[in-house]
Amino acid sequence: MNTENLSRSEAQQRSAALDVISHSIDLNVTEAPSAGETFTVTSRIEIAVHQTIETFADFIGEDAKLSVDGVEVDPRFDGARVYLPPLQPGSHMLTINATGLYSTTGEGLHRFRDPQDGQTYLYTQFEPADARRVFPNFEQPDLKTEFRISISAPESWTILSNSAEARRESIGTNSLGTACVQVFFAPTKRQSTYLTAFIAGPYVGFHDVAHTAQGPIDLGFYCRATLAEHFDLDDISTVTKQGLQTFPQAFGSIYPWGKYDSVFVPEYNLGAMENPGCVTFSEDAYIYRGLSTRAQRAGRANTILHEMSHMWFGDYTTPVWWDDLWLKESFAEFMGAWGCAKSTQYTEAWVDFAGARLNWALSTDQLPTTHPIVADIADLEAADQAFDGITYAKGAAVLRQLVAFVGEEQFFAGVRQFFADHAFANATLSDLLSALESSSGRDLHEWSKQWLHTTGVSTITVERTEQGVILTQTGTDSVSGASIERPHRIRVSGFSATNGTLHRIASYDVDLRKTVTIPWSEIGGADVDLILPNDDSLSYVKVAFDDQSLAAALSNTVAEPLSRSVISGQLWQMTYDGLLSPTQYAQFIDNEPLLSSASLLAQRTRSALSALRNFTNIARREADLNDFFDQALRARDLAEPGSDPHTIWTRTIALVGAYLPQRDDDIAFVLEHTTDQDLRWMLLSARAVAGTVSPAVLDDELASSGSASDVVAHLKAMTSLPGKRKDTLERLLHDKLSNDHLSAMIDGFTQYVHRAEASQALPDYFDKIEAIWASRSQELAERLIYGLYPFSDLLPGERPEDNTDVKAATRWLDESLDAPPALRKIILDQRDFHLRSLRNQMR
369 MNTENLSRSE AQQRSAALDV ISHSIDLNVT EAPSAGETFT VTSRIEIAVH
419 QTIETFADFI GEDAKLSVDG VEVDPRFDGA RVYLPPLQPG SHMLTINATG
469 LYSTTGEGLH RFRDPQDGQT YLYTQFEPAD ARRVFPNFEQ PDLKTEFRIS
519 ISAPESWTIL SNSAEARRES IGTNSLGTAC VQVFFAPTKR QSTYLTAFIA
569 GPYVGFHDVA HTAQGPIDLG FYCRATLAEH FDLDDISTVT KQGLQTFPQA
619 FGSIYPWGKY DSVFVPEYNL GAMENPGCVT FSEDAYIYRG LSTRAQRAGR
669 ANTILHEMSH MWFGDYTTPV WWDDLWLKES FAEFMGAWGC AKSTQYTEAW
719 VDFAGARLNW ALSTDQLPTT HPIVADIADL EAADQAFDGI TYAKGAAVLR
769 QLVAFVGEEQ FFAGVRQFFA DHAFANATLS DLLSALESSS GRDLHEWSKQ
819 WLHTTGVSTI TVERTEQGVI LTQTGTDSVS GASIERPHRI RVSGFSATNG
869 TLHRIASYDV DLRKTVTIPW SEIGGADVDL ILPNDDSLSY VKVAFDDQSL
919 AAALSNTVAE PLSRSVISGQ LWQMTYDGLL SPTQYAQFID NEPLLSSASL
969 LAQRTRSALS ALRNFTNIAR READLNDFFD QALRARDLAE PGSDPHTIWT
1019 RTIALVGAYL PQRDDDIAFV LEHTTDQDLR WMLLSARAVA GTVSPAVLDD
1069 ELASSGSASD VVAHLKAMTS LPGKRKDTLE RLLHDKLSND HLSAMIDGFT
1119 QYVHRAEASQ ALPDYFDKIE AIWASRSQEL AERLIYGLYP FSDLLPGERP
1169 EDNTDVKAAT RWLDESLDAP PALRKIILDQ RDFHLRSLRN QMR
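Going by my numbering, the letters in the sequence shown line up with residues 369 to 1211, in that order.
Treat the hints loosely; a few may be bogus.
[As the list claims (entries may be wrong)] Computed Cβ-Cβ distance ranges for the label pairs, DEER-style: (1) 849 to 788: 55 to 61 Å; (2) 1041 to 541: 48 to 54 Å; (3) 1172 to 653: 36 to 42 Å; (4) 1163 to 484: 44 to 50 Å; (5) 606 to 1172: 25 to 31 Å; (6) 541 to 1123: 28 to 34 Å; (7) 813 to 436: 43 to 49 Å; (8) 377 to 523: 54 to 60 Å; (9) 1090 to 991: 33 to 39 Å; (10) 1094 to 570: 55 to 61 Å; (11) 1090 to 869: 45 to 51 Å; (12) 945 to 831: 15 to 21 Å.
[What the hints assert, rightly or not] Subject to a maximum C-alpha distance of 30 Å in a straight line, what follows is the list of computed DSSO-like cross-link-like pairs (lysine-lysine): (13) 1094 to 1136; (14) 609 to 512; (15) 1094 to 1175; (16) 512 to 433; (17) 1193 to 1175; (18) 557 to 609; (19) 1094 to 1193; (20) 817 to 882; (21) 557 to 433; (22) 1193 to 817; (23) 1104 to 1094; (24) 557 to 627; (25) 512 to 557; (26) 512 to 627; (27) 1136 to 1175.
Keep in mind that the hints were calculated from the coordinates and are not lab data. All figures in this text were calculated on a predicted structure; none of them were measured in a lab. Just so it is clear, CB atoms sit at the ideal spot from N, CA and C, and this is done for glycine as well.
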């Protein structure tokens, strides 16, 4: 039995038998700057036992020693669980002294050494269940308690946790002779284990104050010393303050966690994490050392407000188990866009959501492993994989539809009641629906059944008749096989083209469940060029355009930004579904090469490249990629240097160029005229694939800066060189690599141009994946198994189902029914996308 994989039933049994009264944690990382691999920690957990129970505490580490009520006991510790002796009803004090392991995978307590200045940085990342990699605990979200935390570390370091520092004491020196202190933090409010945070290292701090209706809130912003000159304090702090002024009013509750720190950390697996009072962010994603587009800055603002909304959705009121993960993530995704549009300069948030984030939802929802928004999460491995496009983007889209269904004022009134009823506690879907039904006066039982408990995406078809436009919802729940009959409150608009641009001339709001007819007079008359259901992206649905509307969409630009995003997203879905060719989609985006929306332009270029790579028949692929490369060169030449389109098309040249070694001269010319370091690495990687740069050139480029980002980019470029496959594969399978370094090497190893090399693929992939899953952490195992999955092209006359790699995947699935469900999910999804690609290649 894999005892790391806590099941829902085990968690339910434990929470029924005991409560956690308080939890003290003393973490000692004084030796972190040395070469040692371990740290020490003591957990003192006061519990109230309701019924006689034999249970366990969770800890993944090297060693654990247990005392119960002051008496040492001989615990059974299997590396994941500290088994407790039978406990009688009443109060008990558990003391567990443990030795943990530093991480380089972004799970637990991650240790990073800056290659520029040699400094050591620590941070924690725990969601969904990695707090047990740092301190012994009861690792489930419904066993909330107050935490009293202390951290022992070098005195000169920045030392942070969820609450404010209360005091510090000198504790002598470490083995390097460095003076150390023990920092004690004020007790936290009641929170779940996965929300605790531990930060230690020579982080540089910036400070500000948010002046809010509840009073001043102290703000801290932290990053590594070598990135401090690039930290955009003004924009980051402004957005943070705007959120803290907006959300308490929306939620009817003051910001509950005291201070508000934002820490930007290296080698992060996520965009950010909502630790109360101490939010962590990916420095790679949100600190820009060179060129950045408005879309990147808007995305950063969205993430800041996404995490801030978690201070209420998830932290203040927490799901009981990961089945209701959407109760925090869908809401945070929705509130990130809502907050940006309402309170920041990035008012285009819903435009960006419709143009990019919805694609994530729609593609995830069409996989064989799709699930309802309210998911069935049997264990922690499944929970780790539930952080997907359905839980985030589909859930947010459905919440946007719910707001349209009940009204925004009524929606937030229900949310305020929800928080008032469940402050610092746990809640379920029924709790939320009860509050929303009370505020809106609407029965949400059927709405919830159709939207939250079904799978798949439905389509609205458009039919022009003499009487008007007939809209019909079609679709099948991919799990139950039942017809989808979701209630939609949508806006339907008519557009007319003038001088190559579509303008909205009329809109009509309508309720749709099965079919509805809209009189022509409501949407501008029978001569409109384009009919757009779901204008303004108020619902979650695909659109099947009528022929006239499709022709207008493909050949014109669109004046209204949100309508443009909706249309663009639907055209991409048609390409994804094989209803438009990749070349048609590439021609469509050439209508507007200098598109003002950087987010939408970036999404279009990435999607076009993906389609040309995956959905084009191999006989045409090189020619089509060449045409797209020329399109990118023309667009870059049209764009003003330094502008968002110029940056986006330069990135596109580098990405497409990696498929086309024969275009090396063009890439070299662009590289010669590029000074931005990140763009230079992208272009150098493309040249490395062609074998036209030497390792010495790449080493020189690294020597010019040597930052952590440069080290990762250099590693990708080096492993992209011809002849590196065998050595790279050996390192991927056997070396201890950090998460970022592993991904960089996978990216270099899987470069398309080298696919013909015998060592490009992982030999006997399907024979090795279970061993990889068992021997690596889930984070690294997933990166390897996703990254090395074998995708071969369709051979002439071959059926997709007869493709060698498809057959191998099918055979493994048939023969490995007892493999871990989370591993089977990866293979099911990868095989499904491979089949989609091959079927599209047939067209």
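Hint by hint, here is what the structure shows:
no.	hint	verdict
1	849 to 788: 55 to 61 Å	violated, 41 Å
2	1041 to 541: 48 to 54 Å	holds, 53 Å
3	1172 to 653: 36 to 42 Å	holds, 37 Å
4	1163 to 484: 44 to 50 Å	holds, 49 Å
5	606 to 1172: 25 to 31 Å	violated, 55 Å
6	541 to 1123: 28 to 34 Å	violated, 55 Å
7	813 to 436: 43 to 49 Å	holds, 47 Å
8	377 to 523: 54 to 60 Å	violated, 46 Å
9	1090 to 991: 33 to 39 Å	violated, 23 Å
10	1094 to 570: 55 to 61 Å	violated, 40 Å
11	1090 to 869: 45 to 51 Å	holds, 47 Å
12	945 to 831: 15 to 21 Å	holds, 19 Å
13	1094 to 1136	holds, 17 Å
14	609 to 512	holds, 28 Å
15	1094 to 1175	holds, 25 Å
16	512 to 433	holds, 23 Å
17	1193 to 1175	holds, 17 Å
18	557 to 609	holds, 22 Å
19	1094 to 1193	holds, 28 Å
20	817 to 882	holds, 16 Å
21	557 to 433	holds, 28 Å
22	1193 to 817	holds, 25 Å
23	1104 to 1094	holds, 17 Å
24	557 to 627	holds, 12 Å
25	512 to 557	holds, 9 Å
26	512 to 627	holds, 20 Å
27	1136 to 1175	holds, 17 Å
When the structure is compared with the earlier hints, violations turn up for hints 1, 5, 6, 8, 9 and 10 and for no others.
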